[in-house]
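Asks: Single-letter residue listing:
Number of protein chains: 2
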Amino acid sequence: MASSVCSPRHSLFLSSSTKSPLRDCPVRFPACNAFHSRRRLVSATRLKVSASSPAPAVDHSPSRAASRAPTVVEVDLGNRSYPIYIGSGLLDQPELLQRHIHGKRVIVVTNTTVAPLYLDKTVSALTDGNPNVSVESVILPDGEQFKNMENLMRIFDKSIESRLDRRCTFVALGGGVIGDMCGYAAASYLRGVNFIQIPTTVMAQVDSSVGGKTGINHPLGKNMIGAFYQPQCVLVDTDTLNTLPDRELASGLAEVIKYGLIRDAEFFEWQEKNMPSLLARDPSAFAYAIKRSCENKAEVVSLDEKESGLRATLNLGHTFGHAIETGVGYGQWLHGEAVAAGTVMAVDMSHHLGWIDDLLAQRVGNILKEAKLPNAPPKTMTVKMFKSIMAVDKKVADGRLRLILLKGPLGNCVFTGDYDKKALDETLNAFCKS
Amino acid sequence: MASSVCSPRHSLFLSSSTKSPLRDCPVRFPACNAFHSRRRLVSATRLKVSASSPAPAVDHSPSRAASRAPTVVEVDLGNRSYPIYIGSGLLDQPELLQRHIHGKRVIVVTNTTVAPLYLDKTVSALTDGNPNVSVESVILPDGEQFKNMENLMRIFDKSIESRLDRRCTFVALGGGVIGDMCGYAAASYLRGVNFIQIPTTVMAQVDSSVGGKTGINHPLGKNMIGAFYQPQCVLVDTDTLNTLPDRELASGLAEVIKYGLIRDAEFFEWQEKNMPSLLARDPSAFAYAIKRSCENKAEVVSLDEKESGLRATLNLGHTFGHAIETGVGYGQWLHGEAVAAGTVMAVDMSHHLGWIDDLLAQRVGNILKEAKLPNAPPKTMTVKMFKSIMAVDKKVADGRLRLILLKGPLGNCVFTGDYDKKALDETLNAFCKS
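Protein chains in written order, with UniProt numbering: chain A, 1 to 434; chain B, 1 to 434.
Quick caveat, the hints were computed from the structure, so don't treat them as lab data.
Careful: at least some of the hints might be erroneous.
Since the list gives no way to pick out one identical chain from another, each pair is judged satisfied if it fits inside one copy or across any two copies.
Simulated pairs of lysine-lysine, DSS-like, Cα-Cα distance not exceeding 30 Å [unchecked claim]:
{"no.": "1", "residue 1": "K433", "residue 2": "K121"}
{"no.": "2", "residue 1": "K121", "residue 2": "K306"}
{"no.": "3", "residue 1": "K158", "residue 2": "K104"}
{"no.": "4", "residue 1": "K421", "residue 2": "K158"}
{"no.": "5", "residue 1": "K121", "residue 2": "K422"}
{"no.": "6", "residue 1": "K291", "residue 2": "K422"}
{"no.": "7", "residue 1": "K104", "residue 2": "K421"}
{"no.": "8", "residue 1": "K273", "residue 2": "K422"}
{"no.": "9", "residue 1": "K387", "residue 2": "K158"}
{"no.": "10", "residue 1": "K121", "residue 2": "K291"}
{"no.": "11", "residue 1": "K158", "residue 2": "K384"}
{"no.": "12", "residue 1": "K433", "residue 2": "K384"}
Here chain A stands alone, though its shape is the one from the complex (with noise of 0.2 Å):
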């Protein structure tokens, strides 16, 4: 790592070569493992159309008894450490969810798409052979144009006619938008409360649900309104990914895709050999695929909670993308698929820049491809659209707009407000209108 920092005052740098050894070594899927795959989790997706249909049958045999034993990686964060458990078949183990309940009172909040695959199950793990605690539910409508005020309120209405005192817990069951609906509920209710990540997607699994963001959308910015707040517990059943569109699947991909990119080089090209394991949905592939992408949120997130600096790294292709989610109305493209345009977006301004070589733009713009994501932003999106939105991101800084973009080789990436705004508008002019 030869690079340097180009400017001491706007910039961090940061490098995969100053990664802590804990990496596991990449792991190789050989193509008949992922073609069996593939074939028995198409099918399981299917179910997620009825939710009356019959669960799953459950493998007995030896490996997969083996595989309940949970993956444990550790958010190191002083008296607010957590751990994320991460494997197949957790929510059949109750203890695990049980240690991290306080108090008698319980309240999952999910929604109308998880709720009758998941809610039956998580009540479940909560109470079995614990007949004291009660469990109370909130199930609000799926999708980013919902992460609202008025959502928000919902969760506040139910608590409180429901009677949860400070001792209660807030469970989080779905994606994103719920990790970080019920998280910043969880966060403001009676000044704040115990709560507990249940993250059913890739995007929640690998990102959201871990670091304590949490918050909600304003009509002109995302995630605008919000706190910092930690779980007790993340629970990653990799199981609940049966049933994720593929759409949703793919999001997902686009944040594991980022961890390569910007710390994690070794992790960015075991990805690029096993894309059709992910897309098969090999659950050795997604097991490995979840623990390095959380130990690498952990670790971000460890030794910068509050994004002074480091953490805003974790942001790249983002504000491009969040750009893309209000511009074309929340809801309309899944969040990963709007960060894929943003790193595309990112990657060809740092070429512009003169930051990176062709032949890394080229192995971005081809993973993003083969993991069936978007390379540009939708064609609604105008010059004047990006900018306007983009004045009002959370990384603005006394007026200058900061970005995350590729520096050096694979694996490197700066934080910087101090850029060529020729750049910028390069890289604006050629994928809009203006």
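Given the coordinates of chain A, work out where chain B should sit on it, guided by the hints.
Replies: Here is chain B on its own, set in the frame of chain A:
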């Protein structure tokens, strides 16, 4: 202090004898001072009715000049410690505020009553000699009934429309309602921005602006939604009391009286002797009462920021009081009026339990009467209303309502759920219809 803890599991016993030795000697003010002060300040109070009236003439006498150096009370919270500045003419000292401004953008949140009186003065204090700073303002309607999600959103709307970024500063200019709402907005905007309190009522100066409790009301309960979020500083310009209506002034005295009852017997005795001076708005008497109240509050908050025990004692009379505010409708009774009636009820219950003697109960009744505060809840409040609303109080834990009750000699209290429920019923039946 010979009292004992009635239940180690549920109680917390607190005594004035355990305080740190930072107290000043009590001060007695001659009656003639009180007389002159009353005349001068009652005249100034009239300014409130017209925003265009001239400001009261500034007194340039040596004693006035000397009073401009603020008293400073520190709230000790590690890296979130902050000063409370107390004194006359502090809004005329721009350097006090400006040292706590982050970035170049400020938003002042105030209300329709305070804005005509002090908004220009505050903007001058923020910008004089500092032309790089620009100030926005949000002027909300005045009253507890407006401390809700709708008005909170107005603060967010204005902040986002004004493109305020993470380096901005939110300034609360007003009473407790404005401080609580602006503080919660600052805690939540972009997941937390810089925050300053400029309290302009006795209630806010002696209590609500200090300690970081922020939030809004829900139709079903007071302060149910909020955050613990500490300001950068609290600036108490005692001159702002010149324009405070008598009813608001008395309301604030309920919290001053509270500090004496729960932990500071000497302060209570000083109040018994000096209540006429306080009602006459004697500046020296008020400066002392504010300082000593803030010292008590700062000490409690430093020991228990998130209200795991000790801090709850600051809520003497508040459980009954919040029920009154919710029951009769927010804004009908001032907060301190409800707290005063609630204090009488808590003292009555302590007396029923045999925890305090007749004389102490009488002294509480007498001082509240002298402060022109209510000594009973409104007639519309029934036993059933009290029970129903108190069931969702934040101090309910695992279904058990914990109360702050006096126990032992003056200056001692307990925070406990371990009491004979008959005493609660007796008190409710003594004060209201079933």
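Asks: Hint by hint, note whether the structure agrees.
Replies: Quick rundown of the hints versus the structure:
no.: 1; hint: K433 x K121; verdict: neither (49 Å within a copy, 47 Å between copies)
no.: 2; hint: K121 x K306; verdict: neither (34 Å within a copy, 34 Å between copies)
no.: 3; hint: K158 x K104; verdict: within (16 Å within a copy, 41 Å between copies)
no.: 4; hint: K421 x K158; verdict: between (48 Å within a copy, 28 Å between copies)
no.: 5; hint: K121 x K422; verdict: neither (54 Å within a copy, 43 Å between copies)
no.: 6; hint: K291 x K422; verdict: neither (39 Å within a copy, 56 Å between copies)
no.: 7; hint: K104 x K421; verdict: between (55 Å within a copy, 22 Å between copies)
no.: 8; hint: K273 x K422; verdict: neither (36 Å within a copy, 72 Å between copies)
no.: 9; hint: K387 x K158; verdict: between (39 Å within a copy, 19 Å between copies)
no.: 10; hint: K121 x K291; verdict: within (23 Å within a copy, 56 Å between copies)
no.: 11; hint: K158 x K384; verdict: between (41 Å within a copy, 22 Å between copies)
no.: 12; hint: K433 x K384; verdict: within (9 Å within a copy, 65 Å between copies)
Hint compliance for this structure: hints 1, 2, 5, 6 and 8 are not met, and every other hint is.
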